[in-house]
Amino acid sequence: MLRRNEIYRIDYVLVSAVMAVIIIGILMIYSAGFDPIDRTNSGLYKRQIVWFIIGFILMLMMTFVRYKSLGDYCLYIYFFILLLVIVTTFFGTPIRNTRAWLTFGYFSIQPSEFMKLAVVIVLAKYLELRERDIRHLRELLVPTAVTAVPVLFIIMQPDFGTAMIFIPVLFSMLFIGGADVSHLVAVISIAAIALIFPMVLTYREWVADQDTSIIVSFFQDYGLLFTVAGFLMAVSITTYLLHFFLIKKVFRKIYIPSIVFSLGLFFSVVIMRFLKDYQKKRILVFLNPDLDPHGSGYNIIQSKIAIGSGGFFGKGFLNGSQAQLGFLPEKSSDFIFPVIAEEWGFAGAVILLGLLCLIVLRGAQIALEAKDKFGALLAAGISSIFFFHILINVGMVLGIMPVTGLPLSFVSYGGSNLLVGMISVGILINIRMNKFVY
Amino acid sequence: MSQTSLRTRMLEAFRRRMFFLVGLISSVFVILLMQIINLQLIQGETYKQRARMNMENYIPIPASRGEMYDRNFKINERNVVIVSNRPSFNITTIPASFKSKEEMAAVIRPLCRLLRISYDDVMNDIRSRNPWERVVIREDVGFDTIVVIASNQHRFSNIDWEDAPVRVYNYGNMFSHAVGYIGTISPAEYKRLRDSGYRHYQKVGKSGLEGEYDSILRGMDGHYRRVVDVRNRIEGEEVGLQAVAGNNVILSIDFEVQKVAWEAMKDLKGSCIVVKPHTGEIIALVSRPDFDPNLVISKNNAKIIEELNTDKNKPFLNRAIQSKYPPASTFKIVTSIAALEEDKWNPNFTFHCPGKYTLKGYIDRDFYCYDTHGTLDMYWAIAKSCSVYFYQLGYKIGPTIILKYAEYLGLSDKTGIDLPGETQGFLPTKKWKLKTFGQQWFDGDTVNLSIGQGFVSVTPIEMANLVSAIVNNGIIMHPHIVNEVLSPDNKKVLRKTEPRKLREIPLSPMTLDTLRQGMRLGVKSGTSGRLSYLKVPIAGKTGTAQTRSRRKDDYSQHAWFVGYAPFDGPVENAVAVVVMIEYGVAGAVGAVPIAERVFSKLISLGYF
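Residue numbers (the working numbering), protein chains in the order written: chain A, 1 to 438; chain B, 439 to 1046.
Chain B with its partners taken away, still in its complex shape (with noise of 0.2 Å):
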């Protein structure tokens, strides 16, 4: 009986645990049920769109970006190319999609041979990156390359390859500060400009007038649609998006002007723009020491660059608007003007050099000019360059009214010239002198400032836009390098840089006068005097700025010169030239001879 009741017990407990497991089974295919419900109906959306992410491939076009010619371009002419394109391919794969290490290894190892780059470096990148990332094997190879691994398919299965037009830069160093260089986006730039449309593996314009313009000249990348397996076979391709190619710029440069300008200034450090005053075309654009551009954007790159970073001279640095410099005598233009137009002097009154002046006070102070001028006016006064002259006149009308007028005339402000990176000027007041040395302002202070020397500074262009001033009648206008924007087939000018006014000061015609035909005196019989046989008159003034530091085995002064020509001619063909020559020795000497050489340059090619 017992033996029965047992056998019923555990027949009853198999029955219960069977029971137990059962339900534990049917709610566990509920569980997968409602998986697969909530894979399929709730995110399916979802995960159609992640299918179609997995076997859609997007290839970028490049968009070829624009050319830059210089300022005589003429349609179906033979033009100055200063930037254009070089058709390049690059040679990718995708890792992935070799079957096997081995297989990769087969194909890998004779394109390598075939590149002639080592297949050590080409697997070392492989290997650290995601495997079904599209890897660039090789950058910047030419068609016949491709002809060849197009035509051994069988040998080179999963080789792929991209256009990537190369950037040129047709006259290397010669425009290097002016047109700039372009460069694979950084992350910095990448997350300011990735609403503007930029995509991760673009390049984008560096410096000069690749940065400026940069959204001029780049156009807009298309894509290739592909549709590809997982290894990357392609079952089928078409083009998703046209690339649209950049416009094309016309500069204002002159391409004979800028190279003589730069060859003239070979081994030297400073830079030269020559400017039109009417309308504030830069004719041409020079700082040096430069570098090749080519050279920056070519491959291997980071070496270059950091050899042109870490170089004393500082090749990166477009002297001609980041630096700035004492102006020196260039600066009595500026202490004239004040003196003119506040009424307070006339061209015809005179002071006496007799090679140093007095500052009375508690210690009497000598301040010396260079030579022993005798008594002279001011149109004299600037042609010689005195600086007794100066000092006088400079402690009669006091510093408020020199740095008013330096401030109208623009030299503490950017000029606004379409370069990145431009700096300005430096005009030293009462009050950050005593903030920054606790001092207050000297009468030696004053006399200092009114020859250029002591704390102001000024760039280059800074100066230029002050010769145009009395050039154009008182009236600066914007100085820019891109005159006309193209179409990218060059038939349609889709934007043409009109002049704009920068400022416009109220010279009076005494003023204008006076400082004429002093400049033209400094280039009859003073201080710019070679510039006096060329067949057009040239108006000028030089500088010598005494720096600071005294090197033994430099010299130790700034040259400069500030001209223009015709000095009395029509306003529309004139042309002002600013050189400025680190350690030149002295104006005369360090700077003139280039602007010598500019402006007989300038002679021969009609411009007067």
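Next comes chain A alone, as it looks inside the complex (with noise of 0.2 Å):
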């Protein structure tokens, strides 16, 4: 419980550098609300001030809380959640098309912002508990489980960025946790295999590229692909086998490429064979939205030209012209950052992100110090699950990564985010506060 001398020992930078953001947050919301037209708001700050003042009680609530126990009620906040995400996914409100909110009379939260929280929970108390076995590779199973089952009801709703967010916030985990390197590079490989050859070949069908090569046609003729995906798998079976009664390191520098090579080139055929044409071009904007430039592809355009246009000062509180007059879509929520950067310029830019990266490192710092590996685990989790928030949205406005519709921690328009991350920010506040207990 919280003692009246540990009142000092909150962390006054996190405190003031996350009020501060959420401040620059509802401002912004302000002038992405308002009509110049017809000179009135949407009165979504409202709202958001609402929640904030909600999410201030709920964080300092979570400093009082001692951070262990949510690991020890770890079970029971991850399924009660889950529960929460599959009645959502089934039940809940669709809004364009995305049944991704439960709604409560006047307020609707979304299950799966919590969702990311639990899951970090977990994974902390697992990789805690598992500490000393972590470098086997069937330990992975678990968290990857326990990542997997959410991510999959997420994707039905569908949400696709919000599930996405999952995996990197995973591997970080893991990565932190003490996983073999090999491992998650082995994973991340076949991925990228599995991906990149399906996506190389539609790009070169949908802007009709007549040029064929050896590699496009070794591509295109499944049967050839299968050959030598079951080829390298049986290279790579045989070497294990001499590996486990040889026990030689030479041929894990065999088995482990050729397994990695085999499921990628066989994951690729079966993505090239089940999934659609339209699934696949989707996937291809998603990278590429200039392939797109009348649908997600002018979002970006839009959103480039707002921050573009702010110049080094800027055009003022409520006379960006981009925002304004509308052509910046879901400028209270994902697309937040150019509104900031359009009316406030280089400067305001600069100081947002340089906050955004404060609050990051600041967690890491917390991370690094805390008393115990769960406690280091969770700051490490929540401060990844900001970093890949503020990446994806900030890379996405800036024209740098795909577009996915992701909010931008503390400061777009949305209850459940703004929840998360203060509840969040008060698990920060108390792993730092504990380091300080003995």
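It should be emphasised that the hints constitute simulated quantities derived from the structure, not laboratory data. Check the hints yourself; a few may be wrong.
[To be verified] To give an idea of the interface, some chain A residues facing chain B are shown, with a C-beta separation under 10 Å as derived from the structure: (1) 94; (2) 256; (3) 302; (4) 318; (5) 322; (6) 324; (7) 346; (8) 354; (9) 380; (10) 384; (11) 394; (12) 398; (13) 402; (14) 405.
[To be verified] As a list, the in silico EDC-like pairs of lysine to aspartate or glutamate whose alpha-carbon atoms are at most 20 Å apart: (15) B:871 / B:881; (16) B:537 / A:330; (17) A:435 / B:450.
Beta carbons are placed, not taken as given, at the ideal position from N, Cα and C, and that holds for glycine.
Got two chains here, each in a separate frame; can you build the complex from them with the hints?
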């Protein structure tokens, strides 16, 4: 419990950075909701203030609760929120064809946002318990399952962006938790191989590239691909058996790459055979919005115009033409950063980005200084959620990352996102406070 | 002990990996920062420009196109307005300005009912375009419809309209070949004219005077500058650039004369040109069959244009300047000039016409005359159009001299009339015949040439120039239709077409007199006898051209009449008339009655 002298141990740097970012966010939501022609406001900023107050209370509450108990109750938390996610997936309120929200009268919440935190807590607990065995491949099975189940339901909603953020968070937690780097690299390589070849082929088909090189014709021949994948698989199994009996390091260098390539090729054939053309194209546009300038590409073009036209000092509060005249889409939520960059210019954008960077690095520092492994992993997991949100959102609006509907933590309009963010900050403060407790 | 060292090692590994990630995170933030610098500081100006382009919208204000008046235009009086404009509006919308498909349907459906157009057609048109682009729902809507829409703005939200004056050809077919028509600029034309300030949505003169004088008539479009939001709601509007109206033009064409000639040629194929030789002013220019330019520029004109293009009578062909025919007996004028000018002949010399002329050779060949004229001199030969006389005369002077004078008189050159698409006549040469047919020039060719048969062909406008040369003492003026260019308010004359010499042939008085007398005689007691009762002395020459194709259901001969009046009066008052009727039986039958109506109209209008 919080003792009187502990009030001085609250991390005021983190708290002030978070408060500053949230206030900037509310101002920008006000600006984004303003209609210069009707001189009215959509009023979203008022809701965000309410969420902020609720979030502040929850943040304080999290500083009172000893974070260790989160680990003790992690499975209850995990399954409760997973249940909410599943209920949402099937009975949620459809907004723009996505069932991601549960509506309670005036407000609605997005359980998938809370799921991120729940997954991080479970992973932290599991990795703490399996600290010694985590180098074994089989130990990666449980963390993967813990992540994959909610991801599958979130994809069914379908909320591709939110689902995707779990994957880098899982990988960073496994990395910090001590997993074998070669395992992680192997999995990432398989995914990369499985994706890249079908993408390249689809892209060439789409832009009607008639030049058929040997590599292209190779990948168009599924039978040949299967043969190669099978051959590599056989090589891998043989060398693995040799390795098993002879225990020679040299075999490891053969069977790991060949199994990686074999599985990669196998999955690429599966993707090419079973994905419909429009699905392949959707993934392509996800990777490169310029291919679809009237769809998602339009948003990125407008976003870059908004940011670029801000210049150094910006056009002034409520004066951004891109934001105020509506050329910028989703300006209260996913595209809030361009509003700041347009109206407050380079100065505003750099200050906001600096504050966000400070929050993430402060989280990392808290992880490094944490008293125990659970606290360290929890802090690192929370920081990685923040980090990947910032990377993917800001990278998207700057046009250097694929288009995914992810909000900018603390800044974008959205109750659940803000609540989870502030609860997470409360946990971070808690972890830091407890490093002084012996 | 090993327990502790394992813990330490694991803690070390954890710290190492954390530092690695911190490094990764920092570099990611640096990359994001660099992209912000790139967008805002390095490319800032480009993006500022693009942001301006987003919110600024230019709505064209069409310039009103210049009007056309007939030659009797007088300021502040009731004038004959041949071409004018009618105020009209286009109903437009920007599909993206609607919040939803349902909202759009709720507006477009009643709008289509009001405009009496098919809802499905409109929606198909909208779907086929970029939703941010302005769509014209309907062109050419009257002011009353705009009033209805404007007073029901709540029902017709996001519906806009723009000025779009419609060209009106007040006399329809009557002036079709002289005036031409306009149309939306084609991609090829746009490529060519872009540098002269033409825009892809503008109309451009396609043929006739509309095409030739487009740069004078078109004026300059202006634009409104609007600041709009993404749904195209207007935040502010101002006139960015005032439109400059096009200049009006006064034609040399006399409405009354044009009307008479046009009506006289009803149901015929051919052309009629009335010209003042002294100045080159065209007083009437009719080509039949013709078309209604109002239909050609109307909505859904594709079908009409297609029909006109595939019509076997070729109504788009301006037969006065774009068709060439054998000149037939009218070419005897050229043969006469050549003989007289080369001092090889005297008008009083005679030939005998027994009704045919036998050309001696390896095989004797007979050339016939339509009558037996007996012995006649040149005056009577011209008047009676005696072919045997000219067979012998042409044979005597040879083809080279005849062709030389034909060329002097401009029969193988474009006249440079201010209409696009003019073609020129054709004069055969020995060289040409050898190249084309692999044969040398026979005497028979010379005999044929001397009466304008065989390979020679001319355009009616060239024949008008030939007559002008006789009237105007050997001087051919540049033929033109536009007399003056006026300022848009008609108060100032910006440009006057000064009469300009096209060519000058030093014809001797004897030559001129011979031809004038001969043609006068032709009217008094020759082939153009019908014209003799008119109050003003007319001179004329008919022609009947053999065509190669013989049709059962059609006359196989073209009819010509070339003439002028008054035959010996002051040159300033003279008017020349050329009539050319395809398959018109014979000059005297097919062409002369039309010339007769034109001359009587000219007389009653006091031209002489």
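**Message:** Given the hinted pair residue 871 of chain B and residue 881 of chain B, is their Cα-Cα distance within 20 Å?
**Reply:** Status holds; Cα separation ~13 Å.
**Request:** Identify whether the interface hint at residue 318 of chain A stands, where standing means a beta carbon of chain B within less than 10 Å of its own.
**Result:** This interface hint is violated because 13 Å lies over the 10 Å limit.
**Request:** Answer holds if the nearest beta-carbon of chain B is closer than 10 Å to that of residue 94 of chain A; otherwise answer violated.
**Result:** violated, 16 Å
**Prompt:** Do the numbers back the hint for residue 380 of chain A, that is, is its least Cβ distance to chain B under 10 Å?
**Reply:** Because about 7 Å separates residue 380 of chain A from the closest Cβ in chain B, which is inside the 10 Å limit, the hint holds.
**Message:** For the restraint on residue 256 of chain A, tell me whether the closest CB of chain B is nearer than 10 Å.
**Reply:** With Cβ-Cβ at 21 Å, over 10 Å, it is violated.
**Message:** Would the hint linking residue 537 of chain B and residue 330 of chain A be met if the CA-CA limit is 20 Å?
**Reply:** holds, 15 Å
**Item:** Supplied contact hint for residue 384 of chain A, tested at 10 Å Cβ to chain B
**Value:** At about 8 Å, which falls below the 10 Å cut-off, the nearest Cβ of chain B leaves the hint on residue 384 of chain A intact, so it holds.
**Item:** Hint check, residue 354 of chain A versus chain B [nearest Cβ-Cβ separation less than 10 Å]
**Value:** Given a least distance of 8 Å, the restraint on residue 354 of chain A holds.
**Request:** Please verify that hint: residue 302 of chain A, Cβ, nearest Cβ of chain B, below 10 Å or not.
**Result:** holds, 8 Å
**Prompt:** Given residue 398 of chain A as an interface hint, is the shortest Cβ-Cβ distance to chain B below 10 Å?
**Reply:** With a closest approach of 4 Å, the residue 398 of chain A hint holds.
**Asked** Hey, does the residue 405 of chain A contact hint survive, CB to chain B under 10 Å?
**Response** Violated - the Cβ of residue 405 of chain A stays beyond 10 Å from chain B, reaching only about 19 Å at its closest.
**Prompt:** Taking the least C-beta to C-beta distance, is residue 394 of chain A closer than 10 Å to chain B?
**Reply:** Where the cut-off is 10 Å and the nearest Cβ of chain B is about 5 Å from residue 394 of chain A, the hint holds.
In the structure shown, a violation is registered for the earlier hints numbered 1, 2, 4, 13 and 14, in ascending order.
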